[in-house]
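Line order of the protein sequences matches chains A and B. FYI, this note's numbering numbers position 2 of the first sequence as 2, with every residue one higher than the one before it. FYI, this note's numbering numbers position 181 of the second sequence as 181, with every residue one higher than the one before it.
None of these hints come from the bench; they were simulated from the model. Source: prediction; values computed, not measured. Take the hints with a grain of salt, since some may be wrong.
Claimed, not checked - Part of the chain A face toward chain B, derived, beta carbon under 8 Å:
# : residue
1 : Gly22
2 : Tyr26
3 : Met28
4 : Ala46
5 : Asp52
6 : Arg77
Using N, Cα and C, we set each Cβ at its ideal position, and we do this for glycine too.
Read off the chains here:
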Amino acid sequence: MPKGESLGEFEHLVLLAILRLGQEAYGMRVRREIAVRTGRDVSIGAVYATLDRLETKALVTSTLNGPTPERGGRAKRSFQLTGAGADAVNRARKDLASMQDGLVFPQPGELG
Amino acid sequence: MSPPSFARALLFVVAGESWAECVAGDLEEEFGLICQSRNHFAGARWYVWQVVRSVVPLIWIRMRSGEFRQAALAALLGAAVPLVMLDRLWSFVYSQVPLKDGIGRAPSLLAVNVAAVCVGSAITGTAQSSGKAAWTTALALAAAAGIAVWASAGGAPVLYAVWVVAAAPASSLIAFRWRRNR
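All chains should be modelled from the sequences, with the hints used to inform the complete structure.
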């Protein structure tokens, strides 16, 4: 990823979901992982649009697996992080940690 | 149990070549789980709502991939350009006729327009590589034909407009199937 091109918030979530899911990272599992961990009910289309963008940026790669009966005989596309994807996640984590370092967070409702 | 067919059809229309199969598979997998844990109605409702919410992102993927650009180009060359060029030609011909009352086109000239659109659309149909691409192009041709008729200078009888809008995608799909079967 070129220097200065940072991850969007949803892109970041999708990359983290892929990292967490490992071999089981495909569209619906990524969607479910984000829903369970963040409470966001995103559409499968939004997840695939982000995965497509991440693949264009070479942050993830995909492989097409064989069809299964529970999927109505349709193929499954699994996603893996590339080296650039892992770098992007690490950089985002470092940036976030650096920004949060030493901060005193206000309590909910404290600022009116 | 299978998901609602209209929602599945909509998904295949809007999803791009490379994504339709895996998106549909993902949705069917989750649909099956919801049907098991709750009931078929809940699963169907969830499926339809997912498809509806996914329309815009999936179209966006196709626009980025260039599939829509190809369909738009085919529609432009197959339907819009022939119709607009013929319209300009008939306008010129009519301008040479003295005491011509109005700009309404003669039925024979409108028939030539329909024939030209059929030929142009059929040529684009033979150039398609897959059924999905052929359907996308057919829809784009119908839209382009409709816009070109609406924008034409001459009067456009409803029957003529219907013929043009129907003939463009039909010719393209027939030509695609003819070429595939050869």
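Hint A:Asp52 vs chain B: min CB-CB distance below 8 Å?
holds, 5 Å
Given A:Gly22 as an interface hint, is the shortest Cβ-Cβ distance to chain B below 8 Å?
violated, 17 Å
Minimum Cβ distance from A:Ala46 to chain B below 8 Å?
holds, 5 Å
Hint check: is the beta carbon of A:Met28 less than 8 Å from a beta carbon of chain B?
Check passed: Cβ of A:Met28 comes within 4 Å of chain B, closer than 8 Å.
Hint validity - A:Arg77 Cβ closer than 8 Å to any chain B Cβ:
holds, 4 Å
Supplied contact hint for A:Tyr26, tested at 8 Å Cβ to chain B
holds, 7 Å
Consistency with the previously given hints fails for number 1 only.
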